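Could you slot chain B with the ligands onto chain A? The hints should help.
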Amino acid sequence: MNAMTETGLRVLSYSEAIREAMAIAMENDPTVILMGEDIGVYGGAFQVTLDLVDRFGPDRVMDTPISELGGAGVAVGAALTGLKPIYEFQFSDFAMLAMEQIVNQAAKLRYMLGGEASVPVVFRLPAGSGTGAAAQHSQSIEAWFGHVPGLKVLQPATPEDAKGMLLSALADPDPVMIFEHKLLYKMKGHVPEGSYLTPIGKALVRRSGTDLTIVAGSIMVHRALEAAERLAAEGISAEVIDLRSIRPIDAETILASVRKTGRLMVVYEGVKAFGVGAEISAMVAESDAFDHLDAPILRLGAADAPVPYNPDLERAAVPQVETIEAAARRLARREV
Amino acid sequence: MTSDAPATDNRPFAIRTYAPAQLREALRRMYLIRRFEEGAEDSYMRGLIHGTMHLSIGQEASAMATCMELTDADKITSTHRGHGHCIAKGADVGRMFAEFFGKETGYCHGRGGSMHIADVRTGNLGANGIVGGGLPIAVGAALTAKRLGRDDVTVCFFGDGANNEGAFHEALNMASVWKLPVIFVCENNGYGMSTAVTRSTAVRHIADRASAYSMPGITVDGNDFSAVAEAVHAAIVRARAGDGPSLVENVTYRWRGHSKSDRNRYRTKEEIEEWMTRDPIARFRSELIAHGILDEAAADAVAAEAMAEVEAGIAFAKSSPAPAIGDVTRYVYAEN
Ligand SMILES: Cc1ncc(C[n+]2csc(CCOP(=O)(O)OP(=O)(O)O)c2C)c(N)n1
Ligand SMILES: [Mg+2]
Chain A
1 MNAMTETGLR VLSYSEAIRE AMAIAMENDP TVILMGEDIG VYGGAFQVTL DLVDRFGPDR
61 VMDTPISELG GAGVAVGAAL TGLKPIYEFQ FSDFAMLAME QIVNQAAKLR YMLGGEASVP
121 VVFRLPAGSG TGAAAQHSQS IEAWFGHVPG LKVLQPATPE DAKGMLLSAL ADPDPVMIFE
181 HKLLYKMKGH VPEGSYLTPI GKALVRRSGT DLTIVAGSIM VHRALEAAER LAAEGISAEV
241 IDLRSIRPID AETILASVRK TGRLMVVYEG VKAFGVGAEI SAMVAESDAF DHLDAPILRL
301 GAADAPVPYN PDLERAAVPQ VETIEAAARR LARREV
Chain B
1 MTSDAPATDN RPFAIRTYAP AQLREALRRM YLIRRFEEGA EDSYMRGLIH GTMHLSIGQE
61 ASAMATCMEL TDADKITSTH RGHGHCIAKG ADVGRMFAEF FGKETGYCHG RGGSMHIADV
121 RTGNLGANGI VGGGLPIAVG AALTAKRLGR DDVTVCFFGD GANNEGAFHE ALNMASVWKL
181 PVIFVCENNG YGMSTAVTRS TAVRHIADRA SAYSMPGITV DGNDFSAVAE AVHAAIVRAR
241 AGDGPSLVEN VTYRWRGHSK SDRNRYRTKE EIEEWMTRDP IARFRSELIA HGILDEAAAD
301 AVAAEAMAEV EAGIAFAKSS PAPAIGDVTR YVYAEN
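Read top to bottom, the protein sequences are chains A and B.
The opening residue of the first sequence carries number 1 in the working numbering; numbering runs sequentially from there.
The opening residue of the second sequence carries number 1 in the working numbering; numbering runs sequentially from there.
Worth flagging that the hints you see were computed from the coordinates, not collected in a lab.
Any given hint could be a false lead.
Under the rule of at most 27 angstroms between Cα atoms (straight-line distance), these lysine-lysine pairs were calculated in the DSSO-like manner [unchecked claim]:
no.	chain 1	residue 1	chain 2	residue 2
1	B	Lys146	B	Lys179
2	A	Lys260	A	Lys272
3	A	Lys202	A	Lys186
4	B	Lys260	A	Lys188
5	A	Lys186	A	Lys108
6	A	Lys186	B	Lys260
Predicted model only: the values in this text are computed from it and were never measured.
Looking at chain A on its own, in the form it has when it is part of the complex (with noise of 0.2 angstroms):
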């Protein structure tokens, strides 16, 4: 749990993170708790809460029944009047399940009693393809929740953020979906200890360059980083943002970059159609650093299809290291 690197900087894994921001919120704070299915004994399955039943009690690290409309429905009211619940979703698939509350209720209740009332729940979800778990427990639906004004929509890439991304959600007074890739989990790198914030809205320039700019989300923020380390070894300059937030989303960072590199290309793992990726370019469009594209936006999505059961039809489905290197390779030459 305390691994050093050599440089002295304390390393987690991504879970560990998640784990340890639960369990500081829960230490600083008693109106927070943890609901969601085989989330005590279990650990949760993916071993996020793992231990945090023995740490906390049943009491606050609650077993739901199979039950995610009427458990996401719960933390609802619970945050409505008090509570700070953290709702795990097993898999993000199964939020289509607790639309209703998550869509109607806490998004708009704020508003629609004229600000009068505040929903601090906090939705973690499991998410993405890779794990050969097929169609109904493998897509990226982050973009869904773009659409609900009312939510505020994460997506860590890294553990440092994964932990952070947390309590900032947690200190937050409108319900926030912090989507984790499920790809990720075991990652590791350094996370600071005790209490800090990552800001929500903020997206962060992870790699400089200056012949074009890739923006990307969760665990397309390593494969384009991957990529671009490839393309530098050939002389592309390729400028990586790490969007960490859907909504609220970071204009500033991602038009400046585009301002200075002129051509744009955005990669994420939810289909390609009506996605993240559609939303960033018509940003782009609408604003002055349209007058700054040397070159078409390409985006970079997945297939147009559930995702497949097949190993290899499950990777060609959405964005890899090599497919966002040949399309940042073609952008650069402006071959699109």
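Only chain B with the ligands this time, still in chain A's reference frame:
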């Protein structure tokens, strides 16, 4: 299929109701389910199958006895723990293995895998990745039968965990209001993943839910072939007569973990071992031998047949072609 037996016949329901050839076939399919899942488990360990899978080892009587009187025209909806249902309904294990191996010759052409195994030809409308997802679909299938004046019935398999989803309650209510020919079969194996029924469910028996929807509900020993067959038989008779739905609860137990990632922290070794002494296949086999349907040698031959079929199935799956990568969006919509 059934015969009017004299009232003095004290033999178990299955023995006095079904022909010896049918009973032999039922035993063969139960062995086939067991050997298929052992083969799948072994193939998974060898890296031939990816993703996850949910084994029903220990629950074979529930699957087979429930499907005993169903024809290909009768439908079933199945669950994530659906291999047994699929085989009991008459699927070919070669095509099932091919699906698990992600091959084009698989039942879902490699797109679905274990969690979506289906065989529409034999009336199996499919396993489901969503707990409770099949319940309303089964009611829809029963509506079709009624509207089109057909006398086929739909059996809806679901787990104890699913009884707490809203879909369960909505489905049972509609089936009852519209008097539809559907049989809800709960496979109560004591746990929804790690959560014991006693911790998730307000009623003692899942069958107690039936009274809320004005339908008969019965709880039987799900490892007793005859007990299941008799309860389901009565429900089928009622459904075919136009008297509406029933709920049958088969109390059983899964020997293996919930899925391939289960540390079994929520139950004891003793509990698992105790249930393993109630092996439904061994029980049915002894019953058949005791009533002179088979002798030991014939029963061994049945088991050997099942084993050979599984081996041939694995060989077929291994030698089958994978889907073409370019076909990733195939089957999203109907082809012209
Ligand atoms: C809507 C939904 N919620 C949660 C899950 C995750 N999940 C898969 S199986 C399962 C347990 C189901 O329990 P039960 O219905 O009793 O079936 P069993 O696994 O015991 O056969 C859970 C929680 C899911 N697949 N779908
Ligand atoms: Mg169960």
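Hints, verified against the model:
no., hint, result
1, B:Lys146 - B:Lys179, "holds (9 angstroms)"
2, A:Lys260 - A:Lys272, "holds (25 angstroms)"
3, A:Lys202 - A:Lys186, "holds (25 angstroms)"
4, B:Lys260 - A:Lys188, "holds (24 angstroms)"
5, A:Lys186 - A:Lys108, "violated (35 angstroms)"
6, A:Lys186 - B:Lys260, "holds (18 angstroms)"
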